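Visitor: Listed in order, the protein sequences are those of chains A and B.
Numbering follows my numbering, with no gaps: position 205 of the first sequence is 205.
Numbering follows my numbering, with no gaps: position 185 of the second sequence is 185.
Keep in mind the hints are simulated off the structure, nothing from the lab.
Some hints could be false.
Which copy is meant is left open, because identical chains are indistinguishable; a pair holds if it fits in one copy or across any two.
What the hints assert, rightly or not - The calculated EDC-like cross-link candidates involving lysine to aspartate or glutamate, where the alpha carbons are at most 20 angstroms apart (straight line), are:
no.	residue 1	residue 2
1	261	184
2	261	162
3	261	138
4	261	128
Please read all numbers here as calculations on a predicted model, not as lab measurements.
Number of protein chains: 2
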Amino acid sequence: VFDLVVMPDTLRVACCQTAPDVEDPAASAAGARAALRDAVEAGAQIVLLPELAHSGYIFRSAEEARAVAVPADGELLAGWAQEAARGDAVVIGGFCELAEDGRVFNSAAIVDGEGVVAVYRKLHLWNDEASWFTPGEEPAPVVDTRHGRIGLGVCYDIEFPELTRGLALAGAELIALPTNWPREQVSPAGEPTPHLLARATAYLSHVFVAVCDRGGEERGGGFQGASVIAAPDGAMLAAAEPGAGVQTLVADCHLDAARDKRRGPRNDALGDRRPEHYVTT
Amino acid sequence: VFDLVVMPDTLRVACCQTAPDVEDPAASAAGARAALRDAVEAGAQIVLLPELAHSGYIFRSAEEARAVAVPADGELLAGWAQEAARGDAVVIGGFCELAEDGRVFNSAAIVDGEGVVAVYRKLHLWNDEASWFTPGEEPAPVVDTRHGRIGLGVCYDIEFPELTRGLALAGAELIALPTNWPREQVSPAGEPTPHLLARATAYLSHVFVAVCDRGGEERGGGFQGASVIAAPDGAMLAAAEPGAGVQTLVADCHLDAARDKRRGPRNDALGDRRPEHYVTT
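Could you build the full structure based on these sequences and the hints that come with them?
Guide: Printed below as a string of C-alpha cells:
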C-alpha cells in the first residue's frame, strides 16, 4: 500500500504571432489556421491566435468589416475546432463576428475539438474600432476548459485592471489576450507595452498571462509583434523580440501554480483584499 | 493687449531613500529629517520619506512597536512641518502611529508648512506587521495639497490595483507610496518589483507614481532600496540602482499632465471604463 503522488499537469501554451493582411482575408485566415495546425502538431495544448486573426485590422469602413464578419457557428471556428481535435487542444483567437442581429463585434472565441466553448465581445474598443464594431455588452468570461480555467480579454482590455483583476477573482489560471498592438503606441522605458502589462498583471493576481500579438503591416500601419507569456511571479516565460514578426512562442505552464495565491507565510494576493475600502467609481 | 500664457507648473519631487535602523530610532528619525531638510534646501517641493521612516521596520514584538509609536499631532510630524515650511514643501512619509485609543498603526502622513494635512493607516499589512499593527479602517485618501492632488498608499498597498485605481479615479495626479521593500522578495525578470509596479500603475491610470523605499539592514533583514518615480507614460523618470542604499532621487514632474487621461484621438484611460461589466468580488 502506498500513496499515489500525482504531479500537477504542465500545459504547453503557444502564441501564434501571425501577420494578417486586411487586403487579403483569405490568406490571413489560412495563415492563422496553418500556424494553429503547426502548434498543435508540435504538442501545444493551449494555442492562441491574434485579435481579428482571419480578417486583418485596419478597415476603412463599417461595410468592409461587415463583409468579412462571420458568425460564431460558422466555418471559421469550425475549422479551428478541427485543428484542435487533432491534438485535444484548446484554441483562443480573435475574429470579426457577425451577430445574428446583424451587428459586428471585435470578438474572441475559445474553441476545443468539440466546437465553440465561449465567445467574448471586446468591451473596450480602441480608436477607429468604434466606427465599425459594437462594444461588447457582457463581462469578460472565465471558462473551465479541458486544459485549465481560462479568462479571456482582447487587446486594449489589458489596460483595464478592473477587467483583468475580475478574471482572476473569477478563478482564471490563465488570462488569454489576442491583440493587434499598433507599432506607434509608445513603449514605456523601451519595453513593449504588452510586455510591461502582461508581467504586472500576472504578478498582481498571481496568474499566467498570454498575449498573442501580430506582426506584419497593413495600409501603412504596423504592429508591435509583442507577444508574451508571463508567469505568476511576473517573469516572462517567452517573449517575442519586438519587430521580429511571424513566429510562435511556446511555454510550458504549470497552471495549478496560479491557484495558490499565497505571498509568503501570512499573505494572499486575493485574500488580503479590503473591498469595503476601495473607491470603484 | 495680449493673452497671458501661463505655463503649467513643474514640481520637483524627491524620494529620500534613507536607512532607518530599528535598533536606533533616534538616529533613524534624525536621518529622515536631515534628508528631508537637504531635499527642501535643494528645491524639492514634494518630498517623500520611506515607510516607518523614524522607527525602523523589523520589530520583535507589539510592545516594541508601541514603545516607538507617536501620535499624529506629536513632535515627529511637527518637525517634518518645520522642514516643509523652509521651502513651502509638501512632505509625505511613513510613521509608526499611536492612536488616541492606544492602538498602533502603520501610517503615512502628508504634511506641509502649516502642519498635518492627512493621515492614512495602511490597509494591507505585510507578513509580521499584522502582529503589531492594526489594519487601517478607512480608504486611502486623495488630498488637494499646495503642490497638486496627491493619493497616498503604503508599500504592499501597491499590489492592490483596486486601491491604486481608486486613487486615480478620485483624481490623484501623483500616487505617493512610502515603502520598506524586503530584499528577499522575488524580483520579476530581474526588475525590482516596485519598479515594475510603479511603471505599470502609472501607465494604466496615466498618473505619476513615486515610491520611496529604504536601504540598510536590520536584524539580519535587508531592503531593496528600489525607490522610483514613474511618469504617466510608464517611463521611469528616476530610479534607484538596486542595492545602492542611501540616496535621494529627484524628478521634475509636470503634474498637470496626469489630469489629461486621453489615449490617442478617441480613447481615455478612465473614460473608457465599463464599470457595469466588471467583476469586483
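Visitor: Against each hint, give a clear statement of whether it holds in the structure.
Guide: For each hint, the structure was consulted:
1. 261 / 184: between (36 angstroms within a copy, 18 angstroms between copies)
2. 261 / 162: both (18 angstroms within a copy, 17 angstroms between copies)
3. 261 / 138: neither (27 angstroms within a copy, 25 angstroms between copies)
4. 261 / 128: between (38 angstroms within a copy, 18 angstroms between copies)
Violated hint: 3 only; the structure is consistent with all others.
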